[in-house]
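Q: Next come the chains, spelled out residue by residue.
4 protein chains.
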Amino acid sequence: MPCQHLVETGMPDIDALWADFARPIANADDYIASLRGRRMNVFFMGERVPEPVDNPVIFPSINAMAETYRLASDHPDVGSVHTPIAGVRINRFLHVPIGPDELVAKHEMQRELGRRTGTCFQRCVGLDAIGACHSVTFDIDAEIGTDYHKRFLGFLKKAQAANVVIGGAMTDPKGDRSKPPHRQSDPDLFLRIVKRDADGIHVSGAKMHQTGAVNSHWLIVMPTMRMTEADKDWSFVGALRVDAPGLTYVVGRQTNDTRGVDGGPLDAGNAQFAGQEALIVFDNVFIPHEHVFMDGEWQYAATLVERFTTYHRSSYVCKTGLGDVLIGAAAEAASHNGVEAVSHIKDKLVEMTHLNETIYSSCMAGAYRAKPMASGAYLNDEMLSNVAKHNVTRFPFEIARLAQDIAGGLVVTMPSEKDLQNNEIGPLIRKFLQGRSGIDTVDRMRVLRLIENMTIGRNAVGYLTESLHGAGSPQAQRIQIARGMAIEDKKARARKLAGIDDRRRSGG
Amino acid sequence: MPCQHLVETGMPDIDALWADFARPIANADDYIASLRGRRMNVFFMGERVPEPVDNPVIFPSINAMAETYRLASDHPDVGSVHTPIAGVRINRFLHVPIGPDELVAKHEMQRELGRRTGTCFQRCVGLDAIGACHSVTFDIDAEIGTDYHKRFLGFLKKAQAANVVIGGAMTDPKGDRSKPPHRQSDPDLFLRIVKRDADGIHVSGAKMHQTGAVNSHWLIVMPTMRMTEADKDWSFVGALRVDAPGLTYVVGRQTNDTRGVDGGPLDAGNAQFAGQEALIVFDNVFIPHEHVFMDGEWQYAATLVERFTTYHRSSYVCKTGLGDVLIGAAAEAASHNGVEAVSHIKDKLVEMTHLNETIYSSCMAGAYRAKPMASGAYLNDEMLSNVAKHNVTRFPFEIARLAQDIAGGLVVTMPSEKDLQNNEIGPLIRKFLQGRSGIDTVDRMRVLRLIENMTIGRNAVGYLTESLHGAGSPQAQRIQIARGMAIEDKKARARKLAGIDDRRRSGG
Amino acid sequence: MPCQHLVETGMPDIDALWADFARPIANADDYIASLRGRRMNVFFMGERVPEPVDNPVIFPSINAMAETYRLASDHPDVGSVHTPIAGVRINRFLHVPIGPDELVAKHEMQRELGRRTGTCFQRCVGLDAIGACHSVTFDIDAEIGTDYHKRFLGFLKKAQAANVVIGGAMTDPKGDRSKPPHRQSDPDLFLRIVKRDADGIHVSGAKMHQTGAVNSHWLIVMPTMRMTEADKDWSFVGALRVDAPGLTYVVGRQTNDTRGVDGGPLDAGNAQFAGQEALIVFDNVFIPHEHVFMDGEWQYAATLVERFTTYHRSSYVCKTGLGDVLIGAAAEAASHNGVEAVSHIKDKLVEMTHLNETIYSSCMAGAYRAKPMASGAYLNDEMLSNVAKHNVTRFPFEIARLAQDIAGGLVVTMPSEKDLQNNEIGPLIRKFLQGRSGIDTVDRMRVLRLIENMTIGRNAVGYLTESLHGAGSPQAQRIQIARGMAIEDKKARARKLAGIDDRRRSGG
Amino acid sequence: MPCQHLVETGMPDIDALWADFARPIANADDYIASLRGRRMNVFFMGERVPEPVDNPVIFPSINAMAETYRLASDHPDVGSVHTPIAGVRINRFLHVPIGPDELVAKHEMQRELGRRTGTCFQRCVGLDAIGACHSVTFDIDAEIGTDYHKRFLGFLKKAQAANVVIGGAMTDPKGDRSKPPHRQSDPDLFLRIVKRDADGIHVSGAKMHQTGAVNSHWLIVMPTMRMTEADKDWSFVGALRVDAPGLTYVVGRQTNDTRGVDGGPLDAGNAQFAGQEALIVFDNVFIPHEHVFMDGEWQYAATLVERFTTYHRSSYVCKTGLGDVLIGAAAEAASHNGVEAVSHIKDKLVEMTHLNETIYSSCMAGAYRAKPMASGAYLNDEMLSNVAKHNVTRFPFEIARLAQDIAGGLVVTMPSEKDLQNNEIGPLIRKFLQGRSGIDTVDRMRVLRLIENMTIGRNAVGYLTESLHGAGSPQAQRIQIARGMAIEDKKARARKLAGIDDRRRSGG
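Keeping their order, the protein sequence lines are chains A, B, C and D. Start counting the first sequence at 1; every next residue gets the next number (this note's numbering). Start counting the second sequence at 509; every next residue gets the next number (this note's numbering). Start counting the third sequence at 1017; every next residue gets the next number (this note's numbering). Start counting the fourth sequence at 1525; every next residue gets the next number (this note's numbering).
Pulled out of the complex, with its shape left as it was, chain A reads as follows (with noise of 0.2 Å):
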């Protein structure tokens, strides 16, 4: 599905960029096969490579992103839903909220989808992207009568229809974080328009730690903060295919990347899935103005930032799924050593739950609470989405670190998968390393590279540093709880209590 014509001509039309998703994505199969034989500029450890879907370190990044697209065909009520705007069912991933219980059934597919695959799916981001752009370009259009709703959701409609991945795209590299984008000394630092035309707008810059960039069809590029007036050349969304000419994408290294190829299955404790971060460099490419959602009002850059971390904070519902597995992958190993009925095991499995369905309830609450904007979109709590993503930075470590106490040293001290296929040591480590008898030896190992797969391997990078980052670090969750927590009427309330009220009667 390479984007030829726009290689050629230089200047496409909107139905050409469209062109090669005339037929619609119909299953994960599909997906995959979707993304073959595109020409994009990817590299991996200093090589290019020339077809992502046939490289072991990338591909069960997107056998995870399949995953959506199966959930959707084995459980439809589930991963997909009925979209007014295209009048279809559509995969869920592509779905404007627009009530409390959609978010709260999309908040039950993260979750699942968490627990499918152990990591991060990296369709979230697109779908958050969705939410807040249809709001927001909406209320651009109510306050200035520009036309970027309507620009959005024909968008929006192919999309859908077309069932593709959509890839947001946020955060810039910053440089010099006390400075703004145009007092930066070099302005590409932010993602900007270099120039404008009658046809579109041509950007530069780069976009940092990209999730599932490569393995999407379609970005949506955001500014990633407040923005002042001169910062209009910075203010802009835009959507544009991932392999629109001037693009570069380096995949960025993860913790045991290589686990799978060097070691094999069992090392990478889960073979099958993975996430994926890239950086994303943009050279003078060209976005249609079909395609551009916000063009220098950068007035509106603050809200829409907002209301997607508003989204996507609650988005991280996902790592109670892998809280799910971790919590079942310890007991497992406790099992196999024998010692899952032991007083201090079970504790330590109740903790874990009760710390993983603390992070549920809270996103949870959010998604119940949700209120409608005037484009009718629902949006999460605003309190309530910050404080359970402010959960998730604190959790899922101590999870992980009780999954480790619970699963004891061989976790990290373990033979590889080679070892067992010798001749000569393979016997040895199946008689030391088993367990209580009738478990299966490498049974056992499996589990416990799970564990340190998600704890200390390749997808602890998702389980615990994207926790942390992804959506924003903790301090923009406890900005955004200082701006939340009314400490005026709280004040209010203590003074009357205590008594202030009545001070003028009582004398002190």
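By construction, these hints were calculated from the structure, which means they are not laboratory data. Treat the hints with caution; some may be incorrect.
[Unchecked claim] Derived DEER-like restraints, expressed as beta-carbon distance ranges:
hint: 1; chain 1: D; residue 1: 1947; chain 2: A; residue 2: 195; range: 23 to 29 Å
hint: 2; chain 1: B; residue 1: 996; chain 2: A; residue 2: 427; range: 31 to 37 Å
hint: 3; chain 1: C; residue 1: 1498; chain 2: D; residue 2: 1753; range: 55 to 61 Å
hint: 4; chain 1: A; residue 1: 261; chain 2: B; residue 2: 991; range: 42 to 48 Å
[Stated by the list, open to error] Sample of chain B residues with no beta-carbon within 10 Å of chain C, all distances over it, derived:
hint: 5; residue: 534
hint: 6; residue: 538
hint: 7; residue: 583
hint: 8; residue: 658
hint: 9; residue: 733
hint: 10; residue: 859
hint: 11; residue: 879
hint: 12; residue: 951
[What the hints assert, rightly or not] Calculated pairs, BS3-like style, for lysine-lysine (alpha carbon to alpha carbon, straight line, at most 27 Å):
hint: 13; chain 1: B; residue 1: 879; chain 2: A; residue 2: 371
hint: 14; chain 1: C; residue 1: 1190; chain 2: B; residue 2: 854
hint: 15; chain 1: C; residue 1: 1434; chain 2: B; residue 2: 682
Positions of the beta carbon are idealized from the N, C-alpha and C atoms, including for glycine.
Fit chains B, C and D to the supplied structure of chain A, relying on the hints for placement.
A: Relative to the frame of chain A, chains B, C and D by itself:
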């Protein structure tokens, strides 16, 4: 409103029992008036309390209960609700919730009352007893053909019409905790039926630390735990007037309970509101059949307890209302000290809010996810309700610690209000306890006393210790979390991702 | 032992000031006797206290102080030490430590006194003031040729010989915390010299929440923070008799301070021992030059404060003695309930012990690592002393929470001792509050009251809130930790391991 | 230095065993050279490793061990000590501590080596094995007249003279953890004596995850737990050469172990240093009597384990050296981002330091409080050593979380060093990953890679997971804390303060 009839004849009919409540309680003043003139055996600090309403230590607890009437008057949308049972609008504390939205509304009411009183307003136990009895009586009838549900609805309709306070009485003395009721050396250590006759049952024993007991009109007594067949005489539910012959109340001491008496309103910290717990002793107390809702069906004791605690653990959302007050008080104290804008102070206020809202979200999520039972009543999600309460056993302690941190040591070293009134030292205190310019020194003292009240004073009883033990101690929640955590499903998820399902093919 | 001479002449000589102490205090009874008959202006709850020893609320604090004498009598190895200054054996609370072993012994004494009293025994502030003054006066003299150290030694020798209690007074009211003394709207908000004359200085102002003030014989007043040149009149150190003319004391209210009075020893929980804090107001109080140890040398105020707090933060090791008592009380309560062997109970006792010993080890490590100062006195390691105190601001709160968890709700709902004495309800309480077989119900109540006393009662003031604020609030420790954390060295270590030192060769 | 003699004759004499070590190891280079040319059966990732020194994955662990020699050369005061056994100055890792000060010095050395390597330098197990064997052999001899202590001293003198690395081998596979050795279905699941003859013993079985095994010269094998009489054949201690016939080593996989190979030094994060754990399989391995220090005295197994773990748990003070590096790395990363002065960043650095120094103080306090045993060796305070290690199972996880919080998401999404070297994308990475002005982008990457290395990379194995399980998992410490917590004394203290001792008089 003395229970005169009962005293004289010894054998009431139901109408007589309700005769005193013919005129419904219209508002808070009416409620307070309704408590006067009852012939109850109430003791406090070694002395009979002739009229609890006039006892200055007890009155703040009555006033907190009265706030449930005030709220219904001031904000009927919050404090009252239409009931299909009687077909009228009633106080929400007498309502059986028949949808998630009603549990949500209940929790909002509870948080608001927490904000208004800064203490335990004592009416939730009865409310949650109503909820639990509604469905359990329905189930017993359905399974074994009794008519408990009809009796219960008859009782409830009268209570709703009269707008009375129903207390719930569950916790027995329990004696040797390793033994069931029928094996206790003293059979009275669990409340029990000592005689059954044509009119009803006669019960003896005690209930421990009963919330708001003296401030109620009726009590529902319930078993405290799972029973066995040999415990049939301890397995019953009944409703009785708090002034029934044979009842004795001993009001427990609370931290700083006498502050308002020996000091004054300033020393009390929160002079208007407090909680109440009492020991209730039952000496051959009669309950007519019409008010008996379980009589020997020991198999349902566990179900009743579980449903009650599921309701009641979520009711601890009220503590987030207390949290609001305490956060506000800490912010006010910081403002008086001129340090509200200091970064570590702001950060602590954010942390307090984060913890408070985490409790809130776990309570609310469990309400939104309520499920209907056969009787039509809705019950909070059991896992989330336990998770919510478990957070309540932790976070208020940290919120209180942070409040004291912000407020400073004066919280526990401050002179008395009586010192302020002393001509010699009053001026010295006003001079040396002044905060930043423009702050009334006495107001500063009031806020600090409120913080004392909630963290190491009278209402710390409710905010901290009751948060540990009310509705079940921490370990009780852990047991329920263990039961609900679906560990086998979690293990299966882990095995699948670890590749164990594939082992026959891969050969390990 | 009235300060008669001073009252009459208005201008004492040093010998007259010490005349009352000619006969050294021999033991605890002698100490208590020594407090009688002084003409001090002491107020409590709005009334003048004619004889504090006879005041039942104040006496437990005197008795806790007396325990420092009892320990020296019972265990001279723990409670006393040989001093090279006077060449005799003295109470350790009057000793300047001249080796790490002496700081270790001091801390062992403090923990033991914590175990013996379950409260603040109030004599450490003076002890640590002695330590700080010894070295700072030496340094001032060495640098600017004053004779403060000689004066100080003269004072100390007399105090050691007389075996008196020295209180340390540091904390000023401070008013607007953003302003130094000389910029306060009211100059008295920091204690200051209002007049200097040939004989000495005259000081006015106040010191806040002074530990054991009324129970002391002498006070050492010290500046509370770093001073500037404009604050010279606020930069002084001096020793004065607690019954000096011009002093007024207002004893602060503590949680449950009147329990022993309105309830009885059982209700008090710990009837024998309590702490004490008072506001001291100074009205033109005279200090003769011989007792002035700093007079305007503002440059040394910060040093004095830092040394004092370094000593004093480690002195919070006493709280581990309280922790021992509370752990024991929780275990005893569990035993009474018949659940001491239950796994979660045992686990909580272990956790409490772990936290308690963590505090202990951080205090002790700082003592062992003490370094000598120019005067020969040894000072605890500053970093570890701050770390120790910072742990004290956290762990006692968790220990207290766990104690309440183990003890159960009865801690805050139990009837009064007076109820026990009531003929009608006393037997009922004995019947229904019984624990496992063989346990005296009243003993069970006593232990629960002790837990109340230490977690939400009178001695929770010392165990919890004072643990936060005494010797500096948490943020004060964080500032000192930041100063001492040698971050540049740590960064250099990191750069080296990251390979940054090699960058010129490797080319990066 | 091949073990040629042994291979040929099959029956060594002691002199022959030591012949290869006639020339003492002089320094780090000498040490590394000493590892070459040995005929050991070492496997890694399914392949025999002909020369571990030349294996790029293994070498960093050798280099970390070599740092113990470098330190002794560079700072003999820290890394070496005079021994009365041989009467000469030796590497401190071969020294039996004979005073608290020597344990203190040992811990300072360990922290310094942690700072120098940022990983596990692997020589402490052997050191602590020496300490434990010294006293236990003494005690056995004293009680039952054996000559183990003399044998042990003979061995130790040679080892000290040769300056070799001694590894300690304790952890057996253990199979079904609910069964003692003699009841295992496979007797080899604990290392055991399979034959005794005139010259010595022959042992078979395995030891799991042995630290630095391949990098050692000698191993001391010890029982792993309390034994019973039926376990006599599993109850022995012996020293053997790591190249003894019959030994096989399987080096375990570590997180990111291949980073230096597939990426390069930048990707490795800490290219110079790493830890090592191996499975050691014993197939009928001979140990001559002269090197057997316990042979069937099962009663002493528990004592040996307890003394070893008491030493070894305090040895985890090394992690504070790693903590220093990680705190420094976080501060450096913050500096690169231009946010080092931001209040929440500073506060997190303080918190990391506070936790790190808390660990340090609990380790050090236990050293200072060491007590002598009959042999003259000093042993750390047991309670504090367990408390110290227990803190190590918690705080490094929080320190690591905070380091990642400060460092930002780039820690886990950064491109490879090979990308930097690519002409096309290298310049893009340098452009877009730049931090604040003046910072070399590659240096910034290096620091972030170091943080990855220590928190979710190769050395996180040692800093986090090993901190949980090394020297005993958390529950092992809790058991020891429970044993040492003197709960009866604590209960007695509580009873006394509660007034229970007075009950006969007061009448309760």
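Q: So residue 658 of chain B supposedly isn't at the interface. Is its beta-carbon more than 10 Å from every beta-carbon in chain C?
A: Label holds. Min Cβ-Cβ 34 Å, cutoff 10 Å.
Q: Falls inside 31 to 37 Å, the C-beta gap from residue 996 of chain B to residue 427 of chain A?
A: Since the Cβ atoms of residue 996 of chain B and residue 427 of chain A sit about 32 Å apart, the hinted range of 31 to 37 Å holds.
Q: Does residue 859 of chain B clear chain C by more than 10 Å, comparing its Cβ with all Cβ atoms of that chain?
A: holds (12 Å)
Q: So residue 733 of chain B supposedly isn't at the interface. Is its beta-carbon more than 10 Å from every beta-carbon in chain C?
A: The assertion about residue 733 of chain B holds, with a minimum of 15 Å to chain C.
Q: Regarding the assertion that residue 951 of chain B does not contact chain C, is the least Cβ-Cβ distance greater than 10 Å?
A: holds (16 Å)
Q: Taking the CB of residue 1947 of chain D and the CB of residue 195 of chain A, does the distance hold inside 23 to 29 Å?
A: holds (27 Å)
Q: Does residue 583 of chain B really sit off the interface, with its C-beta more than 10 Å from all C-beta atoms of chain C?
A: Consistent with the label, residue 583 of chain B stays out of reach of chain C, its closest Cβ about 31 Å off (over 10 Å).
Q: Evaluate the condition: distance from the CB of residue 879 of chain B to the nearest CB of chain C exceeds 10 Å.
A: Check passes; 30 Å lies beyond 10 Å.
Q: Take a quick look at whether residue 879 of chain B and residue 371 of chain A sit within 27 Å of each other, Cα to Cα.
A: holds (23 Å)
Q: Since residue 538 of chain B was said not to touch the interface, does its Cβ keep a gap of more than 10 Å from each Cβ of chain C?
A: The claim holds: residue 538 of chain B sits with its nearest Cβ about 29 Å from chain C, beyond 10 Å.
Q: Given the range 55 to 61 Å, decide if the beta-carbon distance of residue 1498 of chain C to residue 1753 of chain D lies inside it.
A: holds (58 Å)
Q: State, for the Cβ atoms of residue 261 of chain A and residue 991 of chain B, whether the hinted interval 42 to 48 Å holds or is violated.
A: holds (43 Å)
Checked against the numbered hints listed earlier, the structure breaks none of them; every hint is satisfied.
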